[in-house]
Amino acid sequence: MRGAMQQIDAVAKINKQIQLELMASSIYGHLQAHADNEELKELWKKLAIHEKYHAATLERLRDTLSRETLTIETFAINPGKIDELLNELDNIIHEIKGRISSSRAFEIALFLEFSELNALFFSSNDIGKDNTSVYIHSMGEGTKRHLTLLYEGVKKYLEPNNQTPHLQKFYEKGIISRNELEL
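First residue of the sequence shown: 0, per numbering that gives the first Met the number 0; consecutive thereafter.
It cannot be assumed that every hint is accurate.
[Stated by the list, open to error] Here are the simulated lysine-lysine pairs, BS3-like style, with alpha carbons at most 30 Å apart:
no.: 1; residue 1: K40; residue 2: K154
no.: 2; residue 1: K154; residue 2: K12
no.: 3; residue 1: K51; residue 2: K12
no.: 4; residue 1: K45; residue 2: K80
no.: 5; residue 1: K80; residue 2: K96
Hints in this document: simulated from the structure, not taken from any laboratory.
Please put together the full structure from these sequences, using the hints given.
See the structure below:
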């Protein structure tokens, strides 16, 4: 019985993450539709596609868990944090129904990536105790790529002295160094 409960819990957590990835894709799609130029449209499109890919990867993991009765005992997703983030992203979707500045678009994108990182990777002390470490590493690499793309966009399209609070917070926490982002 315990294995079945763990399986249900893991599937529920994965479903939350799928919902988050799809909402992120939707936000990036909206930023694409209202971007100031073709290069920014391409950046937002690329990020929207990546988020859809993440959702599809999670769907495959969820389907494997459901079909093969595998369990993940320490799946490092905090559903409460994801619920909070989904509520915040719902508010952002309402905010961005109209045109927004490039600066605000980057702020939203950085908020999204940092919040996802926080909800996924800093919600459990048990990360890496089982097969989830491969998944976490893979998703972490995806987030790192997204942040690299966003930082390059910030450098290119925003004023040099415009360090967004989320980018500064990222460096202050020491999650990744500027060298790792190839800056």
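We went through each hint and held it up to the structure:
1. K40 with K154: Cα-Cα ~16 Å, so holds.
2. K154 with K12: 35 Å, violated
3. K51 with K12: 17 Å, holds
4. K45 with K80: 26 Å, holds
5. K80 with K96: Holds, at about 25 Å.
Violated hint for the displayed structure: number 2, the only one.
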